[in-house]
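Given chain R, work out where chains F, S and L should sit, using these hints.
Chains as they are written, first to last, in our numbering: chain R, 1 to 284; chain F, 1 to 284; chain S, 1 to 284; chain L, 1 to 284.
Since the hints were derived computationally from the structure, they do not count as laboratory data. Just so you know, nobody snuck in bad clues.
Pairs count within a copy or across copies, as identical chains cannot be separated in the list.
In the SDA-like style, the derived pairs of lysine to any residue whose C-alpha atoms are separated by at most 20 Å in a straight line are:
#: 1; residue 1: K179; residue 2: D153
#: 2; residue 1: K95; residue 2: S109
#: 3; residue 1: K26; residue 2: R3
#: 4; residue 1: K148; residue 2: H173
#: 5; residue 1: K211; residue 2: G201
#: 6; residue 1: K41; residue 2: D52
#: 7; residue 1: K26; residue 2: R73
#: 8; residue 1: K116; residue 2: T87
#: 9; residue 1: K41; residue 2: Q247
#: 10; residue 1: K14; residue 2: R3
#: 11; residue 1: K211; residue 2: A226
#: 12; residue 1: K26; residue 2: E70
#: 13; residue 1: K272; residue 2: A35
#: 14; residue 1: K272; residue 2: I38
#: 15; residue 1: K279; residue 2: A206
#: 16; residue 1: K272; residue 2: H33
#: 17; residue 1: K272; residue 2: I240
#: 18; residue 1: K272; residue 2: H37
#: 19; residue 1: K272; residue 2: D52
#: 20; residue 1: K179; residue 2: A145
#: 21; residue 1: K272; residue 2: D284
#: 22; residue 1: K179; residue 2: E146
#: 23; residue 1: K116; residue 2: D84
#: 24; residue 1: K211; residue 2: N278
#: 25; residue 1: K160; residue 2: G178
#: 26; residue 1: K26; residue 2: D12
Only a predicted model underlies this, so the values are computations on that prediction, with no experimental measurement involved.
Residue-level listing of the chains:
There are 4 protein chains.
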Amino acid sequence: MIRAILLISCLDQKGITAAVTDWVFKHGGNILHAAQHIDEKMGIFFMRIEWDMHGFSLERQDMRQVFSSEAERFQMNWSLYFSDEMTNIALFVSKHYHCLYDLMFRYQSGQLPHCKVLLIISNHPEAASLAKQWGIEFLHIPVMAESKSSAEDIQLEALKVRKIGLIVLARYHQILTGKFVRAYPEQIINIHHSFLPAFIGGSPYAQAYDKGVKIIGATSHYVIEALDQGPIIEQDTVRIDHRYSVQDLIDEGQDLERRVLYRAVRWHLEHKILCYSNKTVIFD
Amino acid sequence: MIRAILLISCLDQKGITAAVTDWVFKHGGNILHAAQHIDEKMGIFFMRIEWDMHGFSLERQDMRQVFSSEAERFQMNWSLYFSDEMTNIALFVSKHYHCLYDLMFRYQSGQLPHCKVLLIISNHPEAASLAKQWGIEFLHIPVMAESKSSAEDIQLEALKVRKIGLIVLARYHQILTGKFVRAYPEQIINIHHSFLPAFIGGSPYAQAYDKGVKIIGATSHYVIEALDQGPIIEQDTVRIDHRYSVQDLIDEGQDLERRVLYRAVRWHLEHKILCYSNKTVIFD
Amino acid sequence: MIRAILLISCLDQKGITAAVTDWVFKHGGNILHAAQHIDEKMGIFFMRIEWDMHGFSLERQDMRQVFSSEAERFQMNWSLYFSDEMTNIALFVSKHYHCLYDLMFRYQSGQLPHCKVLLIISNHPEAASLAKQWGIEFLHIPVMAESKSSAEDIQLEALKVRKIGLIVLARYHQILTGKFVRAYPEQIINIHHSFLPAFIGGSPYAQAYDKGVKIIGATSHYVIEALDQGPIIEQDTVRIDHRYSVQDLIDEGQDLERRVLYRAVRWHLEHKILCYSNKTVIFD
Amino acid sequence: MIRAILLISCLDQKGITAAVTDWVFKHGGNILHAAQHIDEKMGIFFMRIEWDMHGFSLERQDMRQVFSSEAERFQMNWSLYFSDEMTNIALFVSKHYHCLYDLMFRYQSGQLPHCKVLLIISNHPEAASLAKQWGIEFLHIPVMAESKSSAEDIQLEALKVRKIGLIVLARYHQILTGKFVRAYPEQIINIHHSFLPAFIGGSPYAQAYDKGVKIIGATSHYVIEALDQGPIIEQDTVRIDHRYSVQDLIDEGQDLERRVLYRAVRWHLEHKILCYSNKTVIFD
Chain R
1 MIRAILLISC
11 LDQKGITAAV
21 TDWVFKHGGN
31 ILHAAQHIDE
41 KMGIFFMRIE
51 WDMHGFSLER
61 QDMRQVFSSE
71 AERFQMNWSL
81 YFSDEMTNIA
91 LFVSKHYHCL
101 YDLMFRYQSG
111 QLPHCKVLLI
121 ISNHPEAASL
131 AKQWGIEFLH
141 IPVMAESKSS
151 AEDIQLEALK
161 VRKIGLIVLA
171 RYHQILTGKF
181 VRAYPEQIIN
191 IHHSFLPAFI
201 GGSPYAQAYD
211 KGVKIIGATS
221 HYVIEALDQG
231 PIIEQDTVRI
241 DHRYSVQDLI
251 DEGQDLERRV
261 LYRAVRWHLE
271 HKILCYSNKT
281 VIFD
Chain F
1 MIRAILLISC
11 LDQKGITAAV
21 TDWVFKHGGN
31 ILHAAQHIDE
41 KMGIFFMRIE
51 WDMHGFSLER
61 QDMRQVFSSE
71 AERFQMNWSL
81 YFSDEMTNIA
91 LFVSKHYHCL
101 YDLMFRYQSG
111 QLPHCKVLLI
121 ISNHPEAASL
131 AKQWGIEFLH
141 IPVMAESKSS
151 AEDIQLEALK
161 VRKIGLIVLA
171 RYHQILTGKF
181 VRAYPEQIIN
191 IHHSFLPAFI
201 GGSPYAQAYD
211 KGVKIIGATS
221 HYVIEALDQG
231 PIIEQDTVRI
241 DHRYSVQDLI
251 DEGQDLERRV
261 LYRAVRWHLE
271 HKILCYSNKT
281 VIFD
Chain S
1 MIRAILLISC
11 LDQKGITAAV
21 TDWVFKHGGN
31 ILHAAQHIDE
41 KMGIFFMRIE
51 WDMHGFSLER
61 QDMRQVFSSE
71 AERFQMNWSL
81 YFSDEMTNIA
91 LFVSKHYHCL
101 YDLMFRYQSG
111 QLPHCKVLLI
121 ISNHPEAASL
131 AKQWGIEFLH
141 IPVMAESKSS
151 AEDIQLEALK
161 VRKIGLIVLA
171 RYHQILTGKF
181 VRAYPEQIIN
191 IHHSFLPAFI
201 GGSPYAQAYD
211 KGVKIIGATS
221 HYVIEALDQG
231 PIIEQDTVRI
241 DHRYSVQDLI
251 DEGQDLERRV
261 LYRAVRWHLE
271 HKILCYSNKT
281 VIFD
Chain L
1 MIRAILLISC
11 LDQKGITAAV
21 TDWVFKHGGN
31 ILHAAQHIDE
41 KMGIFFMRIE
51 WDMHGFSLER
61 QDMRQVFSSE
71 AERFQMNWSL
81 YFSDEMTNIA
91 LFVSKHYHCL
101 YDLMFRYQSG
111 QLPHCKVLLI
121 ISNHPEAASL
131 AKQWGIEFLH
141 IPVMAESKSS
151 AEDIQLEALK
161 VRKIGLIVLA
171 RYHQILTGKF
181 VRAYPEQIIN
191 IHHSFLPAFI
201 GGSPYAQAYD
211 KGVKIIGATS
221 HYVIEALDQG
231 PIIEQDTVRI
241 DHRYSVQDLI
251 DEGQDLERRV
261 LYRAVRWHLE
271 HKILCYSNKT
281 VIFD
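Only chain R is shown next, with the shape it has when bound in the complex (with noise of 0.2 Å):
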């Protein structure tokens, strides 16, 4: 079954479900999935339908044009997906590999829908083996601090021609630069190893440590220009105590920065997440 995914945000006004949801009935797709968010603080709605293609009376080429007319009443911000467009996905990747292992051993699994992971790039050449095993290209480039700007030139050209649509950090240990970043606006999902926004920035486990915290937590978010300040997707925590040391956080946080990042990619590779205001909205 091929489905189509619209999601929508503009100001709230009266009639817009019905509107859109008239639309898609109207033209013959059956609506499987139908969520509306208002955010009443701020007056914005956002929605998220899906329906079956199949009986459905608009082309797909046709689709976009026929619905602007539909979006301009309401002057809406959408998008449209269908099931069957893969996104290609880049995993970069320095020297943990839970994640990267993780999000492969899913992938392989059928567990990420809708994509092909085409590329990993690593700061160390290390992950080389991995990859030769899953048979997913490599590329090493390294990063040093005078020669990052010609290191992304490389990274984006790479990107460019394999067609990009999502870039995950899985545990990337440099910082991108704001030309790298507004390149991919909303295409860089990145695992942070903290609870956001506690202990931003280098080692937060070992701040954690030092902070003698009770709970630690990782969270997923897009990447911006501001370093660990863009939109949270995702976060989990794991009770912790004192007698954790750092390398026991290290490893107990394994698992949440796996779990995290995966529902990250997940969620966004299935069109759940619309992005306003800095934050989130996650319709599931």
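Okay, now just chains F, S and L, sitting in the frame of chain R:
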């Protein structure tokens, strides 16, 4: 603001969402929340839609009739509620008062919406002073094995007279007869102090202790004739370890029971629960 | 059964555990609990040992002196408690009463061991009727920016007269001065309604809402002069989503705050907490 | 650093802790961890003590004999382990590989201490390529209803030859016979994909779906002859809702199963588990 809430279930068909949202819109309703769910295995459609009655073109007394024709087209089961219609509540309790205390605190703080707590019924006299302190009517109705039927007759009469719409068993340690249960279908909420279906029946914490589980739970559910078998509304769990005595489990469990029961009662009052196939859909 | 509890910390050395357990044993004490912890990074040893006083060969008044020689050998910091010595508690509150309510319910149910709640102090008059209902003395001590110092003098005098050993800030929305804090080192427990160190200071739920976090938390800690920076005793978290308004966070957070504060108070009363390096060891 | 670990259980008596810690101390051992637990209901004492062997005055081969006289005095059950003694592990698997994958990743990352994974056994051939990739010996031993006994003979022989000390059923979907189970008491760890004692036996996720629970769980336990009834080592749970299909539960549960099994295996290898009365004490 007065809100209307419509709960719908029927066989899944094309066009239901569009028909319902369009019906609300064309009568001038501003949709505040709309959520749907499809049980794909059973082919059943569920919907909850909530709108502002301000400017709605139908009078309240006419709405049910007008919507009926819409509903018949899809052979819907449906219910219509208004946010200014209060549900009258009776709280049943035996000898543990933490759930009673918690619900009353929340009620007095305004956290239990659209309801009036009219009555506390207990098979023991001890809660009388609490009831008095809160200004709630109290009935001490002893229940003996041989007098259960006549005790229930007294209870049922008291509920009927006060037009009670929701009975909350806030740790009431008597098994209700089929006659009683059938009189209030999907209107009796119980809190069971275990993670059902584990540890059905009496002394679940002692059962959990003997089994050596590492996590305990609590479950709120609608009461049906089969003991502890009704549709589950909410559950929660907490980690324990071998150091916990049965008494420690009882203490720790209080917290679980309170919040699990509170959520169930609240969702019921907000008309967020639909039952089918001995399960619940909880709209959020 | 009367129990003695000995809390010890010192530089880690060979033979401490043996020396302490042997000391208890040779005076006829039956050890009920013994736990130790070593901070390997800092080389510090911590111990909590609890034994039955029945048949113990030393009189209570002699124990401190006799143990001193043992303690000097290892240069221990140590404290000795007895289970029949009550801690006098004062509860401070402003305008949110859920923590106060919860602690009082637990106190009256016998869940707060070895203590007497003697006093409720508030900068607002509203809690007077609650205090009266529970039969607890109530002092309304208004605090204005310009009168804080004199208000604290009144508070301190009231605490001193009643031999208060533990001050619980059960949502008390005034910042204590250094003078006050220094008078009760490791004897003031606060509940902060966020997952510290995130969202320090005022309106943490509003801060959490604006940040778009997917989980909220609560933190209980000993009060030191730096705001919300004292040693963390306990934390807990709960999952939220984009549908939660600030008010929803406040409601949901109540539950967190109550149980996080309760645990901290209970552990303090059970002499299970040792502070060092602005962190806590919690023996269990 | 080589560490000795002593696990003890016996009837609770005065002086045990002192005797054991003193025994370690007088032979020159520096105690790194010491924890005890008393089951007050049954009057049983449990202890785990771990010390640095550097400078210990007894040779390893003499320790057992020397400690025996101490142990006899209290009629202890006891076991002595050394941190440089490797446990040989065999992993059993059928057709779901997430637990296998996870354990192997952790093993290769150094997170499974004091062990060697020597063997993967499966009743299906598919895992052969994974085993090859990791460089672990693989045995495909088909199990049919009529050939189970002879299949187990082959398995038992393979385990014996390789001196396997721990068998991990990493989603192995065959019920072991009493003969097999009795050959490895407290040496077989299973992962069951439900919150036991709920949903014993086959297809627990389908059972959970049909029951409409709001939380699912996973349980690791030692295997005894009664199916899914052995002492529980670890459990964990995760929240679900009515939108989850059985397949969603299976996906979500993977994460639970992996970490619950990992913790059990790790604690076993660290000699942190003591069994009694079909329950476990987990020292931490």
